[in-house]
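With these hints in hand, go ahead and build the complete structure from the sequences.
Following my numbering, the numbering of the sequence shown begins with 194 at its first residue and continues without gaps.
Do not take every clue at face value.
[What the hints assert, rightly or not] Label-pair restraints from in silico Cβ distances:
1) 274 with 231: 22 to 30 Å
2) 287 with 223: 20 to 28 Å
3) 235 with 264: 39 to 47 Å
4) 314 with 265: 44 to 52 Å
5) 268 with 316: 41 to 49 Å
[Claimed, not checked] Below, in silico cross-link-like pairs of lysine to any residue (SDA-like), each with a Cα-Cα straight-line distance of 25 Å or less:
6) 226 with 274
7) 311 with 285
8) 198 with 305
9) 235 with 221
10) 311 with 300
11) 198 with 282
12) 215 with 285
13) 235 with 313
Hints in this document: simulated from the structure, not taken from any laboratory. Note that beta-carbon positions come from the ideal geometry of N, C-alpha and C, so glycine has one too.
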Amino acid sequence: MAINKNHEFEELDGIKCAIVEKNASPERVAFLKELLEYNHFKVVVAATPPPKAAPAPKPVAAADGTAAPAVPPPPPPPPSTFTVGVTNVAFNPTNAVYGRLLQTKNGHVVTPAYWLQKEAVSHDEIPYYEHN
194 MAINKNHEFE ELDGIKCAIV EKNASPERVA FLKELLEYNH FKVVVAATPP
244 PKAAPAPKPV AAADGTAAPA VPPPPPPPPS TFTVGVTNVA FNPTNAVYGR
294 LLQTKNGHVV TPAYWLQKEA VSHDEIPYYE HN
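The following block contains the structure:
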């Protein structure tokens, strides 16, 4: 059970994982997987389950008293989002980023802007709380 919303656990493909991000695009999954594996975390990616379908509407009776034919619902679309987790259940993405615990391949500390992919290169060597 999660302590709070920022530290969630879930089973992904039968493995207990700390959730890094839900509903991630394939591009985001590739970014997170590369970054976390570089920082020695085992990453597990699973397709986000489709939303639960609404119950089928009841057939409406025609004017002559016969039931209208039921139309089967369309099949669900293939998953386009994924859930990313790491096997280290002590991992918390908020603490990892703001605690400056992750590094990029070029040796810089991962900043919040880099984590959110707002910057292509993490170049901030000054902690966020020391900015003027």
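Hint check results:
Evaluation of the 22 to 30 Å hint for residue 274 and residue 231 yields a pass: the beta carbon distance comes to about 23 Å. With their beta carbons about 22 Å apart, residue 287 and residue 223 fall inside the hinted range of 20 to 28 Å. In this structure, residue 235 and residue 264 meet the distance hint of 39 to 47 Å, their C-beta atoms being roughly 45 Å apart. For the hinted restraint 44 to 52 Å between residue 314 and residue 265, the CB-CB distance of approximately 51 Å keeps it satisfied.
Against the hinted window of 41 to 49 Å, the Cβ-Cβ separation of residue 268 and residue 316 comes to about 46 Å, which satisfies the hint. With a C-alpha separation of about 14 Å, the suggested pair residue 226 and residue 274 falls inside the 25 Å cut-off, and the hint holds. As the CA atoms of residue 311 and residue 285 are separated by approximately 20 Å, the hinted pair is consistent with the 25 Å bound. Taking the CA atoms of residue 198 and residue 305, the gap is near 18 Å; set against the 25 Å cutoff, the hint holds.
A threshold of 25 Å between alpha carbons decides the hint, and for residue 235 with residue 221 the separation of about 17 Å falls inside it, so the pair holds. Taken as a hint, the residue 311 and residue 300 pair is honoured in the structure, with Cα atoms around 19 Å apart against an allowance of 25 Å. Restraint check: the Cα-Cα separation between residue 198 and residue 282 comes to about 14 Å, which is no more than 25 Å; the hinted pair holds. For the hint pairing residue 215 with residue 285, the CA-to-CA distance comes to about 14 Å; that is within 25 Å, so the pair holds.
Between residue 235 and residue 313 the alpha-carbon distance is near 23 Å, which keeps this suggested pair within the 25 Å criterion.
Comparing the model with each earlier hint shows no violations; every hint is respected.
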